[in-house]
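Each chain, letter by letter, is given below.
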Amino acid sequence: MERIDDRPEARLALPSAEPIRLVDRSGGRVPGAPVPAPDPQTLARLLRAMVVGRRFDRQAGALARQGRLAVYPSSFGQEACQVGGALALAPADWLFPTYRDCVSLVARGVDPVEVLTLLRGDWHSGYDPERHRCATQCTPLATNASHAVGLTYAARRKGEDVAALVLMGDGATSEGDAHEAYNFAALWNAPVVFLIQNNQWAISVPVRKQSAAPTLAHKAIGYGMPGVRVDGNDAAAVHAVVDQALAEARCGHGPTIIEAMTYRLDPHTNSDAPQRYRDDDESEPWRERDPIDRLTALLRAEGMVDDAALAAMAEEGERLAAQVRDRLAEDEAPDPESLFAHVYATVPHALARQRATLRDELRGEPDEGPLGEPGAGLPAELRGGAHDELKEV
Amino acid sequence: MERIDDRPEARLALPSAEPIRLVDRSGGRVPGAPVPAPDPQTLARLLRAMVVGRRFDRQAGALARQGRLAVYPSSFGQEACQVGGALALAPADWLFPTYRDCVSLVARGVDPVEVLTLLRGDWHSGYDPERHRCATQCTPLATNASHAVGLTYAARRKGEDVAALVLMGDGATSEGDAHEAYNFAALWNAPVVFLIQNNQWAISVPVRKQSAAPTLAHKAIGYGMPGVRVDGNDAAAVHAVVDQALAEARCGHGPTIIEAMTYRLDPHTNSDAPQRYRDDDESEPWRERDPIDRLTALLRAEGMVDDAALAAMAEEGERLAAQVRDRLAEDEAPDPESLFAHVYATVPHALARQRATLRDELRGEPDEGPLGEPGAGLPAELRGGAHDELKEV
Amino acid sequence: MELSLAQALNRALRDALREDPDVVVYGEDVGPLGGVFRVTDGLTAEFGEERCFDAPIAESGIVGTAIGMAMNGLRPVVEMQFDAFGYPAFQQVVSHLAKMRNRTMGRLGLPVVVRVPYGGGIGGVEHHSDSSEAYYAHTPGLTVVTPAGPADGYSMLRDAIALPDPVIFLEPKRLYWSKAEVGAPARTEALDRAVVRRAGSDVTLLAYGPTVPTALEAAEAAHADGCAVEVVDLRSLAPFDDATVTASVRRTGRAVVVHEASTFGGYGAEVAARVTEQCFHYLEAPVLRVGGFDIPYPPPKLEHLHLPGVDRILDAIARLQWESGWTPGAAPGGPAGAGPALPAARSTS
Amino acid sequence: MELSLAQALNRALRDALREDPDVVVYGEDVGPLGGVFRVTDGLTAEFGEERCFDAPIAESGIVGTAIGMAMNGLRPVVEMQFDAFGYPAFQQVVSHLAKMRNRTMGRLGLPVVVRVPYGGGIGGVEHHSDSSEAYYAHTPGLTVVTPAGPADGYSMLRDAIALPDPVIFLEPKRLYWSKAEVGAPARTEALDRAVVRRAGSDVTLLAYGPTVPTALEAAEAAHADGCAVEVVDLRSLAPFDDATVTASVRRTGRAVVVHEASTFGGYGAEVAARVTEQCFHYLEAPVLRVGGFDIPYPPPKLEHLHLPGVDRILDAIARLQWESGWTPGAAPGGPAGAGPALPAARSTS
Ligand SMILES: Cc1ncc(C[n+]2csc(CCOP(=O)(O)OP(=O)(O)O)c2C)c(N)n1
Ligand SMILES: Cc1ncc(C[n+]2csc(CCOP(=O)(O)OP(=O)(O)O)c2C)c(N)n1
Ligand SMILES: [Mg+2]
Ligand SMILES: [Mg+2]
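For the record, the sequence lines run as chains A, B, C and D.
Using the working numbering, the first residue of the first sequence is number 1, and each one after it goes up by one.
Using the working numbering, the first residue of the second sequence is number 1001, and each one after it goes up by one.
Using the working numbering, the first residue of the third sequence is number 2001, and each one after it goes up by one.
Using the working numbering, the first residue of the fourth sequence is number 3001, and each one after it goes up by one.
Note that these hints are calculated values from the structure, not bench results.
From a predicted model like this one, the values you see are computed outputs, not experimental measurements.
Think of the CB as a built atom: it goes at the ideal place given N, C-alpha and C, for glycine as much as any other residue.
There may be inaccurate statements among the hints.
What follows is a list of derived Cβ distance ranges for each label pair [as the list claims (entries may be wrong)]: (1) B:R1058 / D:L3305: 26 to 34 Å; (2) C:P2164 / B:E1160: 15 to 23 Å; (3) A:A90 / D:E3019: 31 to 39 Å.
Working from the sequences, and respecting the hints, build out all of it.
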């Protein structure tokens, strides 16, 4: 794999510590930004997706507190990243989300109930990755980053115009897998954008304990790719920066690392205890930087949304939340036999035998061939007489 | 672990692609270098260690070709790195070498025959790491880098003034373990210097297939530590740069990544076939940059060595080579029982039993308790009747 | 005092930190948070950031730095947050931690303890319920132990920290909250011994970690049916305590190994194979294994189907070929003379 | 044609690359060098850098990118240069490669082949001779296979590449240079079958990969002593071919498993445990295991002491309690009626 390096040298300069911002905290436009602002329709779409996404997030949090989800890692406060990133993708592009990124999946159009399959404890993933061009939500930190590189490599081999957006946390950047993926991406000139949601915390550990670099965007330098810092509570800026990076990637200029400065307002998950490691004071300033308020202010000020439009968005959020509540109330237990169906493309004899054991147990029938039985795992052709023979000897 | 960050910001600038050089190819001093040149005695010591080191290396290569070593990875042409690095260490400091770094161990004063224990196939390592303050030669790439960070952490905890020099190859920088170690070092402000010997090749893979970064020294930026590039065939420069980085590290300014530009003149090991992947032409210019010739020229020109001194160095190399030849000729086989002696601090019953089996086999005696026997692994208190009982039932 | 397993482990760390200045505790979120299971609760507050601290999220680096610390006299105790998150450190564990003493001819021993919360039953989503003991137990140079209750939790962790060799210390997640009397600082049995938890003459259940309480429950249920079940808590997976186990199985003539991990190539295979080697002519039936299915660990709503429970253990006992020549056991603790009611009661064939 | 194992594997890759444009081959030094064992020799020259190329030295990234490629329709075949250097990829293998199909309810299968040169006997220094099969075989979702000669090398690698699931393809290093007739592109037995390499009625040797030739040698030596040894080449370690193995052991009544890896918790434990479960009442003696010692792989000068050789196998056969009730076998291929000369000859007790 030779790298086709036609990237302008300027893209490899030290990133600025000052994040790119398009909209200021009171909703005013920031002049002189290095990326063009999204058009009004896109801004409205961003707002809508944030409003709906937050409502979804609040609903999921409530369900977790009620014990109807096994666990829920909220992205409350990070909606600009979730939505700004997901909406910058073209339909053929792929999204690689983590456990934290339910809202980005909802924004990408995945059925919210299918998004919750993992966290509800029904199965490890609920949606069809190929249909939605969304990889499964990834828990082992930073491990999905190389998947994105491989996937886009395959796309290029097949002549498809596909880019990928990898979502990762600040903490995940410490993993060896992040390094290896960044390096592969740069070497293969892969059309992959790595969006680091620097929400300041990795569970209980602040980002200054993850890295001594001036910014996480500085990491890009070591791979020969551009690093950019963006205001992660400014949906317009996140969208614009991701959009530009995707465009660069698509035309052969290679990958980019984007560090989005944001904040995890909620606990790590509903079972976390943040009072043990951070003061409430710390979050206050971040509440004032609310991404929804900010974009609302801009769109209102510029006459791009009115009360009716805002009410419609809120309404859509309520509908979605109600739908999630209702559909989750129908608590169908997952099919026990699915445990064995997908381990391999075809079910090996030994697994079929274990499935039969479980089937018998569930029917309350005598346990004729359980795990560990003499004969367990025996292929069909031998199974007939095995048990009797053993008895008779 | 909070980081005590009193490092001057300037140290975190982009490294220059032009390597630091103190001595030019014809042995002239390079003016205006950012590090002071080593004093004359040190220069003479460097030359002596390179001359002796190369003789050792040539001898080891010959032994490998004769089949008297299992394998030998030569550092021919890399003597300036091997020696410049090792001699910059204080007695209490630790060296963390790889399989490639035999010459650095010899320069550090380890018995050359003990250095060859690994490659001779006698044992996995032959010298006492604590006595020599040299870790075992490390084969799994980049894995020893975090050991150095931990070791110096322990030293600081005990109030000891200890720094460490980690040797690694250009290829090793692609491993996740390199990333994690750099990051730990920077976060813990560890007194560790990472000396990357960029010898242009990782077995058959050129460095441009390992990294798309402008230089490997650029990697430092992503960890918030300084990165420096040095002429790896200029022993004076390597020594000076490592020495300075160690001094910075010692006074709390944290770790440094140094990329030394050099070249692997020999095959990867004696069993490699470089004609498959590189032209001989490529190495020619590097032969002209020979580190020994260059330093010799300087020292001669400045009257710091004369023919007699040079002859003495060559003589010392010959003596060492002869000693290595002679001592390796005494081919005592390693003690088979050592296989079991050091797996744990005390030998567990089951292993003692396996040792007894081997002992019996070697004595040519009937195999009374071999591996996998009924009763194998049985503790002494049960062993008495076990065998008979089994027979009689 | 009565403590939960998590509290007993916390107490062990606390006492070790107090008594030995060379002990350091670190890992992901083990500082102010006290670890996701609170095993390191309060340690940073009591001993300071120098003795108990948060590491960046880099498991290989965590084990690698611990190796370096141990090379230079410290006794690091590191935590892998969940067992599946120990895999990134696999190379450091297998190629260095396990081998350093051997490589250096005994010159550099590595007294490192790697704490690994393992197993399921806590409703965790994927990667939070693996049982990785077989990977570690197969690796020469590692000592692999697992307590099944608070008293052993305290004692075994203290012993593990004191050991001059690396220890993989497996903590059964679902027992973290189970409480029992802990006689700290007094110790229970030696780190390398298996312990008979319940005596019985008819069959031996071999269990460890999370399955010990389940095995004891099964024994109680079998007792009601007139079958005297002996339960051995293996405790030390590597090295294996052949003496205790072999003595038990030779006495009962029947054995079942119980663990959570997938059965195929699991630790139970080693137990079954070596018990059979050593007790062949005492065995009335093959040593059976009751383990997890050979599938990735299931999602929370299905995990109860995967985990070996009392019924599956009783079923296995029932299949131990009692028909031919069974005579009621008369061992101490076992009900004598009642006959094998259990198999008859549970089998319709 | 006669090919070495390395050449047969090379031929398999070549044919796969030719026939299926979705196959890609990459790894460390597999490009112009052709791999350190020359298994990929000439592939870059023939198929170009797009089909066979060098990766940076990052095993986790290699497996991770292969996962991504397979998610999008390619069939990557990646090489871990030596088995111990596969450990950095352990998390990608165990937590993703093995689980993706299951996680996605069958929607995303990963047809990735991870080639792992394994085992010792080549005079390699530390980390170059590990046998890591037990780690992989215990991981549900992986198919783990190993050829013991060139014909199977070709056939099994072709089948592995064609399989819709991830395969850990273990290549016995010390057999790379062994030659035999290869009928490529014709295939040998199916990928998931064990094969009886030599018929015999007295005892079954269960071997795989590097120990198959050793087992056959031992069988030949035993034959001279009048003992008819059946040799089964397991080939597929996961899934396990119970049918073939059980049939053999039920016939012979005695079995020995032979592998290079450390015995404790090794793959042989699974074989012994399941064969015992399925053949208990046919067994005259416990299934014995002849494996490596429970030590880190030795340095070159001592490895011959560690590797299971003919004598150690014969010794194990001799311990299979022939005294009580042994009758000469009369199975096809076995010498009939000669009686157990072997045990007597080898045992002084
Ligand atoms: C390899 C690995 N190690 C540890 C964990 C446990 N863990 C889950 S989330 C988390 C913190 C991640 O922080 P960050 O990357 O900043 O993402 P955030 O949760 O803030 O979105 C940790 C340590 C894991 N999932 N994977
Ligand atoms: C983890 C790991 N992967 C692969 C290898 C196999 N290997 C040994 S040396 C080598 C090349 C290393 O190149 P570099 O780091 O540049 O060092 P050099 O040999 O040039 O000194 C490789 C791939 C290894 N030793 N360790
Ligand atoms: Mg975070
Ligand atoms: Mg190199």
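Exercise for the section: Go ahead and decide if the range 26 to 34 Å is satisfied by the Cβ distance of R1058 of chain B to L3305 of chain D. Expected result: About 33 Å separates the Cβ atoms of R1058 of chain B and L3305 of chain D, which means 26 to 34 Å holds.
Handout entry: A90 of chain A versus E3019 of chain D beta-carbon gap, inside 31 to 39 Å or not
Key = 33 Å Cβ-Cβ, so the 31 to 39 Å window holds.
Exercise for the section: Given the range 15 to 23 Å, decide if the beta-carbon distance of P2164 of chain C to E1160 of chain B lies inside it. Expected result: holds (21 Å)
Comparing the model with each earlier hint shows no violations; every hint is respected.
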